[in-house]
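Trainee: Assemble the complex: chain W is given as a structure, and chain B must be docked to it using the hints.
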Amino acid sequence: QKEVEQNSGPLSVPEGAIASLNCTYSDRGSQSFFWYRQYSGKSPELIMFIYSNGDKEDGRFTAQLNKASQYVSLLIRDSQPSDSATYLCAVIALRFYFGTGTSLTVIP
Amino acid sequence: EAQVTQNPRYLITVTGKKLTVTCSQNMNHEYMSWYRQDPGLGLRQIYYSMNVEVTDKGDVPEGYKVSRKEKRNFPLILESPSPNQTSLYFCASRDPMETQYFGPGTRLLVL
Chain W
198 QKEVEQNSGP LSVPEGAIAS LNCTYSDRGS QSFFWYRQYS GKSPELIMFI YSNGDKEDGR
258 FTAQLNKASQ YVSLLIRDSQ PSDSATYLCA VIALRFYFGT GTSLTVIP
Chain B
13 EAQVTQNPRY LITVTGKKLT VTCSQNMNHE YMSWYRQDPG LGLRQIYYSM NVEVTDKGDV
73 PEGYKVSRKE KRNFPLILES PSPNQTSLYF CASRDPMETQ YFGPGTRLLV L
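Quick mapping for you: the protein sequence lines, in order, are chains W and B. Okay, so the first sequence: first residue is 198 according to my numbering, each after it adds one. Okay, so the second sequence: first residue is 13 according to my numbering, each after it adds one.
The shape of chain W in the complex, shown without the other chains (with noise of 0.2 Å):
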């Protein structure tokens, strides 16, 4: 079993609706869990971390997290066209691990 799961996707939204990305992981222990945003060809950079249950904001987007069932995600509200691109979820279970990513596009 992964430590870390995302549906790959592809994930298809018109612009100015809500995207949801959502993650699982294995770990009970994970402590802390980060959103990252990855365009094709560079690095990925970070979008949120959130350690807490609930939901934590930053702009468009929100991070919720869900110990008990294992679950994170993120919500981009008012998607945007440069929205587009590929998302990670990863989990710190002792290291940092990452799942493979769901692929978002934005459709003008």
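Since the hints were made in silico from the structure, they are not lab data. None of the values given here were measured: they were computed from a predicted structure. Cβ atoms here follow ideal geometry from the backbone N, Cα and C, with glycine treated the same way.
Each computed SDA-like pair below joins lysine to any residue, with the alpha-carbon atoms no more than 20 Å apart: (1) W:K264 with W:S229; (2) W:K239 with B:Q15; (3) W:K199 with B:K69; (4) W:K239 with B:Y113; (5) W:K239 with B:L100; (6) W:K199 with B:P51.
Pair ranges (Cβ atoms, derived): (7) W:Y248 with B:T25: 38 to 44 Å; (8) B:M109 with W:Y268: 19 to 25 Å; (9) B:E91 with W:D275: 48 to 54 Å; (10) W:Y248 with B:V26: 42 to 48 Å; (11) W:Q277 with B:E91: 44 to 50 Å; (12) W:Y248 with B:T27: 43 to 49 Å; (13) B:V26 with W:R274: 46 to 52 Å; (14) B:N96 with W:E202: 20 to 26 Å; (15) W:R257 with B:E91: 42 to 48 Å; (16) B:M62 with W:R274: 34 to 40 Å; (17) W:S279 with B:E91: 38 to 44 Å.
Derived coverage of chain B by chain W (criterion: at least 3 residues anywhere in the stretch with Cβ under 8 Å from a Cβ of chain W; other residues may be distant): (18) 49-57; (19) 98-111; (20) 114-122.
Mentor: Chain B only, in chain W's frame:
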């Protein structure tokens, strides 16, 4: 500017010819690591280092070596590259809040 640098950015080599990919960070981070990224497999950690002279294996260490003689540098060494090491490689450093900062990547092709 706070950054992680890698060199070279692109490299084509032949099987068995030793190569080194350099990585340097200017943020005084103690923790550094190397990843490879392959389609469908995501980012997989090769080696990591928690401080100078302290290194440990990640998920896919076979065929790679690292050293950490200075805090800012963490080179990745392929003693005898093989075609299955063709990949996109990222170096990263991590701050005390556990945020990782990635270098620009090195695209390696082993013929």
